[in-house]
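Student: Given next are the chains, with one letter for each unit.
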Amino acid sequence: MSRYIIRRILQAIPLLFIISILLFVLMMNTGDPLATMGGRKPTRPEDRARLERQLGLDKPIYMQYIFWLIGNDWSKIDMDGDGIAETPGTRKGVLRGDFGDSLVSRGKAVVDIIMDRLPNTLILMIPAEIIVIIASLLVGIYSALRQYTAIDHIVTGLSFIGYSMPIFFVALLSMYIFGVNFKQWGLPYLPTVGMFDPKVGKTVGQVILHMILPIFSMTVITAAGYSRFVRSQMLEVISEDYIRTARSKGLPKRTIISRHALKNAALPLVTIVGLDIPMLLAGAVVTESIFAWPGMGRLFIDHLSRSDTPVIMGILMMISVVVVFSQLVTDIIYAWLDPRIRYT
Amino acid sequence: MRKWLFAFVVSVVVLSLFFSACAPKPTPEPEKVIRFAWTQEPDSLNPFYTDMWFSAILQQLYLCWAWEFDDQNVAFPNLVTEIPSMENGGLSEDGLTITLHLREDIEWSDGKPITSADFKFTYDMIMADGNAVFSQYPYDYLEAVETPDERTVVMKFTEPFAPWLANFWRGILPKHVLEPVFEAEGSMAQAEWNSAPTVSCGPYVFDDWESGSYLRFTKNENYWKGVANIDEVFMQFVPDDAAQTAALAAGDADLGTFPPLSDVPKLQEAGLTVFSVNGGYSEGWFFNLREMASPGVKDLVVRQAIAKSIDKEAIVEDLLLGLTEPAETYWDALKAQGYVSPDLVPWEFDPDGARQMLEEAGYVDSDGDGIREDADGNPLTVYHGTTIREIRQDIQAVTQQYLKDVGIDMQIQSWDSDIFFGSYSDAAPPAMGEVDIMQWSDSTYFPDPDTDYWLCSQIPNDENPWGYNYFTCDEKLDELLQKQLVEIDPNARAEIIREISTYVHDQVYWLGLYVDPDMWIVSNKVTNVKFSGVTPFYSIMEWDMSE
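As given, the protein sequences belong to chains R and V, one line each in that order. Residue numbers for the first sequence follow my numbering, beginning at 1 and rising by one. Residue numbers for the second sequence follow my numbering, beginning at 1001 and rising by one.
These are computed hints drawn from the structure, not numbers from a lab. Note that the structure is predicted; figures quoted are calculated from it, not measured. A couple of the hints might just be wrong.
[Unchecked claim] List time: in silico EDC-like cross-link candidates among lysine to aspartate or glutamate, alpha-carbon distance up to 16 Å:
(1) 199/R to 1231/V
(2) 1032/V to 197/R
(3) 199/R to 1031/V
(4) 41/R to 1442/V
(5) 41/R to 1452/V
(6) 199/R to 1547/V
(7) 199/R to 1232/V
(8) 199/R to 1208/V
(9) 59/R to 1426/V
(10) 41/R to 1416/V
(11) 1530/V to 1542/V
(12) 76/R to 1129/V
(13) 41/R to 1450/V
(14) 1266/V to 1241/V
(15) 199/R to 1207/V
(16) 41/R to 1518/V
[Said to hold, decoys possible] Restraint-style ranges between C-beta atoms, simulated for each label pair:
(17) 1144/V to 83/R: 23 to 31 Å
(18) 1144/V to 321/R: 50 to 58 Å
(19) 58/R to 1208/V: 34 to 42 Å
(20) 1346/V to 76/R: 54 to 62 Å
(21) 1198/V to 208/R: 27 to 35 Å
(22) 232/R to 1322/V: 50 to 58 Å
Yeah, the Cβ is synthetic: ideal placement off N, Cα and C, and Gly gets one too.
Assemble the whole structure, with the sequences as input and the hints as a guide.
Tutor: Here's what the structure looks like:
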């Protein structure tokens, strides 16, 4: 197993290198960071020419990639526009842990910008993922064990309704019902946006209160989809011979479900959850935007809309690394759940 | 393994909660807090590292300008004792020297006096090669800034610069805070002050900024003009328009900006007031008459027919719910200052007149397909491009039909703004001349009437890849634009601007669609509210909150 893990890690290095080249080239073609610089007017030509030179955006793409990768502290920049490069570069490059500075939040390191947002995303996404897993298992198993009963039909109907609703609709609907209308009706209501009420301050209670609606919006759709998946897997497993054998041996129903059926039915779910892991870090763009949650999804969109290559590359490379390693973790969990799987 | 996994997940959640919730200092409950729903998070609080409107307009909270602008967009002295003029000797006869006299009582929030050295330092930082500021305009018109004493700033020009009042000294930097950073780093880009300007000179001082979440200012107890009525300004970043509406309707925010127009009646019903403020912007069509443009659009008769074919009143009423008004000239926002001739004849909606003009000019529909052809049999087709903003795409669809009704085929396209506003070197569609008509909202160097869009020197090409005159090089217009820039007699300059605005209008170089005001939504709990189009929060220290 150790040899397998080491081999996978070594394989990941050239893979990440290729990913970085592809992403960088794509990013350089998504727009001009100096086009408006967030303003309402096009950037003045004299300023655009100066900034391209000072920020190194006048270099060919391959040189900008090299600077991003290994830094520019071995070269000089023409800051004054006299045609002679006189100012030593200061960037160390990704290979030395320097992801550069944002073009938008000038002077701020990419790593600092990402680390400001990552905890907010994790406190939103991890509970949401846990709730999704628990809810989908409970609903899926319950529904499977009562196949074609009235309750199964009701659960199936609700699942389809939940799964077919777009996230922005659920988010705005829940915001208006529980945030706006409940308040107007004089009922206990939930906050609409943000992480806390400024009049109360940023307490744990306030953060949890503000997490309710975004988590609800995210989980209701995902859990609806996953529960269908669990249900179909459970139906397949409980009709297997070994389950019939277990029943005929007189094992209690709970033991059959929890020890024999669930473990096998959960295998495909592990694959899906494994694919979700990078998304835990990437955040939820729509949910974060609607509920004004300061997470990674919004960071990505805000900086993508300004063609802020350093920040976007930082986020995408972080996600790429997590994708590669989460697949490795998924494979290891597979082996733990299913003793028939062996990696050599 | 399962226990370990469970413990790991719980630890991550608990630690994240701990770091995000417990790290900041506990907030004492303030007496009066105004909550802004701010749809775009500022990129920097250093005024020279940002061009964002949502960042720039905050300067009246924590920074100070030499002069600011009131709700009529008229300048009033702030750091200076009076606005320089020829009458008070502040502006020299030849227009080459402007002298500012600073007030005696002005000081930074840390008690240090604001002096002419801060003005000189601000100029030096803008022009320093190491700083890569977003724009050096208009400081690159200066020859030098001199400081004969602590209270006097002398601006020297090589030639007169008429738009000085609207554009200079928008934010002064604290020399005593930033100079040590610049001396150590060769740039102020790394200064903590850029994101945490704890030393400031406005009615409020910076308190806290959590990325993506909020920005908080508390009142400046040392403000030389007095102490603000409201204790705290809390800006919640709410990027989603619908969420902003919900937050305002629920009372979770007291002030918002640029709401979706369809939400305005709902917000008014919820007891909020809409302020429509002239910020100098108008939405309109820029016409490309360069060599690569379609032949039809280069013909003045066709452009005039287009102008007569568009029902601007209907666009304003139907698409903009009557919340603004049609625009006629690029200088409409400055009509009150006399920059638009009263004799100007507006383009009336007259499709029959447009058809007749085209017919007389030889554009007839010879093949019966509903689209006219020119004398050579080429269909009268024009290409229209804009950004992906929803209202612009709606207007594209409506105007396409208007033009079709008079026999003009308009092909439409839209791009993301970073692509649309790219340069010639980026091969951006407008810069390359891929469209004949370009639509966006723009202004002069408001509240000044100067613009450099139609200067011949701004035509983009291989030698000048960043030029932004995507329209035309008209020598008469070029001469007038250069003439007004150096004309320091206000009356003579106004006369030139009137000539320019009439000429651009009659030549249909720019066709106005609607005035694009800054829209503010304010809770009725907030009192004494006034906005300026240049410095929106110029009077925020007088605002108050009622229960």
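Student: State for each hint whether it applies.
Tutor: How the hints compare with the structure:
Restraint check for residue 199/R and residue 1231/V: satisfied, since their Cα atoms lie roughly 11 Å apart, inside the 16 Å limit. With a CA separation close to 13 Å, the supplied pair residue 1032/V and residue 197/R stays within the 16 Å bound. Using a Cα cut-off of 16 Å, the hinted pair residue 199/R and residue 1031/V holds, with the two alpha carbons roughly 9 Å apart. With a CA separation close to 6 Å, the supplied pair residue 41/R and residue 1442/V stays within the 16 Å bound.
Restraint check: the Cα-Cα separation between residue 41/R and residue 1452/V comes to about 12 Å, which is no more than 16 Å; the hinted pair holds. A C-alpha spacing of about 14 Å is found between residue 199/R and residue 1547/V, which places the hinted pair at or below 16 Å, so the restraint holds. Restraint check for residue 199/R and residue 1232/V: satisfied, since their Cα atoms lie roughly 10 Å apart, inside the 16 Å limit. Distance restraint check for residue 199/R and residue 1208/V: the Cα-Cα separation of roughly 14 Å lies within the 16 Å cut-off, and the hinted pair is therefore satisfied.
Only pairs whose Cα atoms come within 16 Å are accepted, and residue 59/R paired with residue 1426/V is accepted, the gap being roughly 13 Å. Between residue 41/R and residue 1416/V the CA atoms are separated by roughly 14 Å; this keeps the pair inside 16 Å, and the hint holds. Taking the CA atoms of residue 1530/V and residue 1542/V, the gap is near 9 Å; set against the 16 Å cutoff, the hint holds. Taken as a hint, the residue 76/R and residue 1129/V pair is honoured in the structure, with Cα atoms around 14 Å apart against an allowance of 16 Å.
Straight-line distance between C-alpha atoms of residue 41/R and residue 1450/V comes to about 14 Å, which keeps the hinted pair within the 16 Å bound. Among the hinted pairs, residue 1266/V with residue 1241/V is consistent with the structure: their alpha-carbon atoms are about 13 Å apart, no more than 16 Å. Distance restraint check for residue 199/R and residue 1207/V: the Cα-Cα separation of roughly 15 Å lies within the 16 Å cut-off, and the hinted pair is therefore satisfied. Annotation: proposed proximity of residue 41/R to residue 1518/V holds, straight-line Cα distance about 15 Å (limit 16 Å).
Against the hinted window of 23 to 31 Å, the Cβ-Cβ separation of residue 1144/V and residue 83/R comes to about 25 Å, which satisfies the hint. As the Cβ distance of residue 1144/V to residue 321/R is approximately 52 Å, the hint placing it in 50 to 58 Å holds. Range check, residue 58/R to residue 1208/V: about 37 Å between beta-carbon atoms, so the 34 to 42 Å window is met. For the pair residue 1346/V and residue 76/R, the supplied restraint of 54 to 62 Å holds, since their beta-carbon distance comes to about 57 Å.
Remark: the range hint 27 to 35 Å for residue 1198/V to residue 208/R is upheld by a beta-carbon distance near 31 Å. In this structure the hint that residue 232/R and residue 1322/V lie 50 to 58 Å apart at CB holds, the actual value being about 54 Å.
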